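Chain by chain, the residues run as shown.
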Amino acid sequence: MDNIIELHGINKAYGEKIKTQVLHDINLSFEAGSFNSIIGASGSGKSTLLNIIGTLDKPTSGQLYINKRRTENMTKDELAELRNRTIGFIFQFHYLLPEFTAKENILMPYLINHFKPSKEVLSWTDQLIELVGIEKVAHNRATDMSGGQQQRAAIARALINKPPLVLADEPTGNLDSESSENVYNTMRKVNEEYGTTFIIITHDQRIAEKTDRIVEIKDGRIGLDIRR
Amino acid sequence: MRLAFKIALRFLLSGKNQTILIALGIAVGVAVQVFIGSLIQGLQLSLVEKTIGNSSQITITSGSGDKIIRSWERVVYEAGISSKAIRNISPSVDASAFLEYEDGSEPILVRGFRLADADDIYGISGGLYDGKLPQRKDEAIIGRDLAEKLEVEINERVNLVTPLGGVVKLMVTGLYDLGVSAVNKSWLITNLETAQDIFGLDDGITSVEMQVDEVFNADNLARQVNNTLSDSRLIVDNWKDQNKQLLSGLSGQSLSSYMIQVFVLVAVLLGISSVLAISVVQRSKQLGILKAMGIKDRDASLIFVFQGLLLGVIGGVLGILLGIGLLLMFTAFAVNPDGSPVVPVFISYPFLVVSGLFAISAAVFASLIPARLSSRLNPIEVIKNG
Ligand SMILES: Nc1ncnc2c1ncn2[C@@H]1O[C@H](COP(=O)(O)OP(=O)(O)OP(=O)(O)O)[C@@H](O)[C@H]1O
Ligand SMILES: [Mg+2]
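Protein sequences, first through last, are from chains A and B. Mapping to this note's numbering: the first sequence position 200 is 200, numbers consecutive. Mapping to this note's numbering: the second sequence position 370 is 1370, numbers consecutive.
One thing to keep in mind: the hints can contain errors.
Stated by the list, open to error - With the Cβ distance kept under 8 Å, some of the chain A side facing chain B (calculated, not the full set): (1) Ser47; (2) Asn51; (3) Leu56; (4) Asp57; (5) Lys76; (6) Asp77; (7) Arg83; (8) Phe89; (9) Glu99; (10) Phe100; (11) Met108; (12) Pro109; (13) Ile112; (14) Phe115.
Stated by the list, open to error - Derived CB-CB ranges, DEER-like: (15) A:His8 / B:Val1266: 46 to 56 Å; (16) A:Phe115 / B:Ser1274: 31 to 41 Å; (17) B:Ser1274 / A:Thr75: 28 to 38 Å; (18) B:Arg1376 / A:Ala32: 29 to 39 Å; (19) A:Met74 / B:Leu1368: 21 to 31 Å; (20) A:Ala32 / B:Val1353: 56 to 66 Å; (21) A:Ser118 / B:Val1353: 34 to 44 Å; (22) B:Ser1256 / A:Leu122: 53 to 63 Å.
Said to hold, decoys possible - The calculated lysine-lysine pairs, modelled on BS3-like cross-linking and capped at a C-alpha distance of 27 Å, are: (23) B:Lys1006 / A:Lys76; (24) B:Lys1016 / B:Lys1006; (25) A:Lys189 / A:Lys210; (26) A:Lys116 / A:Lys162; (27) B:Lys1006 / A:Lys119; (28) B:Lys1285 / A:Lys116; (29) A:Lys162 / B:Lys1285; (30) B:Lys1169 / B:Lys1067; (31) B:Lys1137 / B:Lys1149; (32) A:Lys189 / A:Lys136; (33) A:Lys58 / A:Lys17; (34) A:Lys136 / B:Lys1006; (35) B:Lys1169 / B:Lys1149; (36) A:Lys210 / A:Lys162; (37) A:Lys119 / A:Lys162; (38) B:Lys1285 / B:Lys1384; (39) B:Lys1285 / A:Lys136; (40) B:Lys1185 / B:Lys1137.
Just so you know, the hints here were simulated from the structure itself, not pulled from any lab data. Keep in mind it's a predicted model, so treat the numbers as computed, not measured. Every residue, glycine too, gets a C-beta built ideally from N, C-alpha and C.
Given only the sequences and the hints, what does the whole structure look like? Please build it.
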């Protein structure tokens, strides 16, 4: 399989005068269609790494390849377009737009680059709603949904453009174990059905154990890298 | 772009109280602007109307030595074809003379008119309060003040003495009050033939007077008249050149009204700008997430431009309605004892449209700072800090 993500010598440091190095010379790649987890202690640099992979943050040095394309010389608009087409994001704190309904939120990434949803996209939206099991609350505002429902809506939103890659930063961090299980199963289903690559940061041991590959970050370096 | 508009609309709708507050702010600003602007315009128009409404606005006189216009029918014709905006063209013979009475004599101005024409300018028949207009030769009417001073009543004869010493007897057929005491005091109005005869002008006259449709355009129209006249020795005057002081007074007034309007607008502008800037902070989570999902910076800033535009449109329309309401109330309640409004309010549709457009552009302009903030917002800040 081809690598969808390749990191070459990624360093990340914060601060002007007193530099704190958060990531140290990370070399890492992820295969297309794989289902991966990233674990590690708090403050070890997991989110920083994921945000760099998602082009939301820039490394201090090193190269990021997405689908074999170098990203460091892209303009902001090119990166925005790349994110919109290639990457679905799931954040820990759901981040649905509270002014919109679940369904409208799910359609949002599509509408960023299209004037109007086509029939196919609307039916895809309904499919996704069914897939993540939020039919009952699809027309509720985000504020009128439970945390688990919001997170599942966010998963559906991440998938609307059928991106080859989904990045999730502690998607189940705020959920009880039953909801967590639910969200994990949904992501797994999408991975198997659509071949979507997942990179999931998690503190949940049980979830990490179910993934195909576990990458451990330790003080800004790669510790364990276990494949099954 | 469409999405930006949709988000803008949704942001406004979901922050209803804030939206209503800003829209009202804009509306009040626009209403004040409409109210003050219309009031000042009405004031000025009525002032100008009072000053020059019943007088000649463009006057043609002769530049030749004897001050006589001989082929005046042609001048009247040429003035008439020079522009559609010219009306009430009236030839006249003007000359000084004295009226004799028991104790002495009174200097007067003889004004010989074609009465039907002059009536359109001066409203003579409307001002006639006793008797009738001169119909035959050697008949005349005089003003109230002069009649009282001379103790003349209608159907009495008066002696008119020309500067050269000739004496003519005129029959006073009527008394008028044209509302201007200088006129009531000194004009003796008669027909053209009588005046021509008294001063020996044969068929000549001394001036052609006229009015225009747009008084503030009188100077341009006068130039047009001047260009049309075939006799280049004729002199064309207009009221604007003769009333420089009035005009500078008016423009001073307009200037202060503009100043008020500009300051109102600046206040509105600052208000919108600061509220929208706060709303960028309030919505930074949403903006961050939109940017992570790939919305471009330009569209992210458009969200706020559209909000400004929508607020401007709503506030502008509301403000215009409110302003008109205020004006109507003002004309209904601030009235003279006779029921006429203290200030005749003048509602000009172009002015309303301009005020509305001004408010909209101000609102859009005010949204540029928040738009810039929105464009610059880095999604990573939001995503990291929850
Ligand atoms: N803007 C910043 N300036 C300085 N240091 C920063 C900044 N952002 C992050 N850091 C530091 O970088 C390190 C890694 O942060 P990161 O958020 O990647 O950790 P994490 O592994 O995701 O932790 P957690 O499990 O708690 O989410 C932390 O020590 C943090 O303090
Ligand atoms: Mg983290």
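Let me make sure I understand: some of the numbered hints might not hold for this structure. Which ones are they, in numerical order?
none
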